[in-house]
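Enquirer: Residue strings, one per chain:
Number of protein chains: 2
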Amino acid sequence: MKTMTNHSKIVDCTIRDGGLVNNWDFSVEFVQKLYESLNEAGVEYMEVGYKNSPKLLKGADKAGPWRFLNDDFLRKVIPQKGNTKLSALVDIGRVDENDILPRSESMLDLIRVACYIKDVDKGLELVRIFHERGYETTLNIMALSNVMENELLEAFEMINESVVDVVYIVDSYGSLDHSDIKYLVEKFKLHLPNKRLGVHTHNNMQLAFSNTLIASELGVELLDASVYGMGRAAGNCPTELLIAHLKGTKYKLRPVLDALEQLLVPLREKEEWGYILPYMITGHLDEHPRSAMALRNSENKDRVVDFYDTLTTPEVNFDK
Amino acid sequence: MKTMTNHSKIVDCTIRDGGLVNNWDFSVEFVQKLYESLNEAGVEYMEVGYKNSPKLLKGADKAGPWRFLNDDFLRKVIPQKGNTKLSALVDIGRVDENDILPRSESMLDLIRVACYIKDVDKGLELVRIFHERGYETTLNIMALSNVMENELLEAFEMINESVVDVVYIVDSYGSLDHSDIKYLVEKFKLHLPNKRLGVHTHNNMQLAFSNTLIASELGVELLDASVYGMGRAAGNCPTELLIAHLKGTKYKLRPVLDALEQLLVPLREKEEWGYILPYMITGHLDEHPRSAMALRNSENKDRVVDFYDTLTTPEVNFDK
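If you read the protein sequences in the order shown, they are chains A and B.
First residue of the first sequence: 1, per the UniProt record's numbering; consecutive thereafter.
First residue of the second sequence: 1, per the UniProt record's numbering; consecutive thereafter.
Quick caveat, the hints were computed from the structure, so don't treat them as lab data.
Take the hints with a grain of salt, since some may be wrong.
Heads up, the list lumps identical chains together, so a pair's fine if it works in one copy or across two of them.
Stated by the list, open to error - Derived DSBU-like pairs (lysine-lysine); straight-line CA-CA distance at most 30 Å:
#1 LYS189 with LYS301
#2 LYS252 with LYS301
#3 LYS187 with LYS247
#4 LYS189 with LYS247
#5 LYS252 with LYS118
#6 LYS182 with LYS247
#7 LYS182 with LYS252
#8 LYS250 with LYS301
All chains should be built: construct the whole structure from the sequences, respecting the hints.
Expert: Quick look at the structure:
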């Protein structure tokens, strides 16, 4: 129960990552109310969606506006910005750099680039462009549990030569435990001595909060979370738990409880995410949750024994 | 991802602790099927209920048979014992020692005594009786987060002079994190060098699995868990996660998935336990979940802001 100053900052991803659950079908009022709550709670960043280009994605017309953030729209949604900064995520190959205004003309403060290890070079090129336009930047390397040491060391070299502000450790499959997090944080700190670090966890094995807490104690600064853990499949580290439990911080829990009561608990009645067994199984097996998501959308959604057999019988599972 | 031999043993408390959720309304078939699954999975102990005396408890006639285990009944339920041993819990003041047969005539292998710190002397006297009758024994000290150092040191002295086999660290309120668990395990190891240790966690802050895993890595031997985390209020460490993730063990996940699919997932549709906000709030505030349980049984079950205000406003909360 020791107290100390904690330098961590929370990046609430409810709208961006939660949008993967409900196809970004959040009302403007929902996002406004959430922004107010996070701002009052003292959360440093709200990731309000993706900044990908609808021209570069199929099915774009069916998604809510938070999938393709537009600056004019965003200005109407949040006419009065508080202390909470706004963030957007982009994916390699899905963003048109011409869509990105200079920061001085934009509502956004932070642009984060998500990529797999093989695309770190492309990710860093995007980072360079956004950095030049005045944004804070992060590079989020996904699926680290499936990356070999040599690939990672090569990526570190490129990152060290780049302008990126923060580098993220992303537990895409929710397969990492506290020892793995400690190992990765120490490796990143050793090889990226001049970069700040971030962490994004998934809750497949109910370790998202614990892993985030441990990363924070090891010096990781940017902590991704979402209210009620809303996010694809097993979801994320719950914002309310970080707010309640991070030592040496000045967050307020009450405004987040308000958002939970008014927004997220009712939404969870309609949409599904969290600790659900098929996601536990893919997390345990250290693989992408897509097979579990397909199962949950089928008639056999609770047939976890068959599902487990399929994933663990090599001759049946052609994906392996 | 290092491998090593793990000396931990799982004590599955689904029926005993889960009974606090459904008033022990489990069918004989449910318990038989669960026993088969746990035995096949390699779980070392199944706690099949309480061994308290109905004479010493109000409302006893309304509870299922697992609240007051009877040896003749148990012999019919599990006519063929496998490798999984059977355990029962008793509470101070609620057990009639004349009900406890010698182990050679009983289905039970382990009797555990739960007590608060002030009753450690009484708990150890019960332990002595059960030990003399041939049982393995544990002393489970509840609510450790509310215990002062001097009380704990006194208890350690009594425990060291006793015959008890295993001493439990119990996070009754689900308020402890990994640092607290590490602190307690190290303290217990230092002061009880000749006793084995156990841990029982609660999931109010989604830390039950993580805390149990960390305790195991620090040398704690007996790990309490329940399938799907079924247990009072926020519930326990999920058995399936320990089975899946404990390194250096030979557990099998598939039989537990079978129990989940056939028994626990359907039961969770009817009964409530787990990460639910009022329990998160009592865990965060390090207090008993009774106020949260009362809230969940009322019309206001989702009004978490009012609930939080009540618990955090001293002049309103007469309990404090």
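Enquirer: Confirm or reject each hint.
Expert: Now the hints, each set against the structure:
no.	hint	in the structure
1	LYS189 with LYS301	neither (41 Å within a copy, 45 Å between copies)
2	LYS252 with LYS301	between (38 Å within a copy, 22 Å between copies)
3	LYS187 with LYS247	both (24 Å within a copy, 22 Å between copies)
4	LYS189 with LYS247	both (22 Å within a copy, 26 Å between copies)
5	LYS252 with LYS118	neither (40 Å within a copy, 36 Å between copies)
6	LYS182 with LYS247	both (19 Å within a copy, 17 Å between copies)
7	LYS182 with LYS252	both (28 Å within a copy, 27 Å between copies)
8	LYS250 with LYS301	between (42 Å within a copy, 28 Å between copies)
In summary, the numbered hints that this structure violates are 1, 5.
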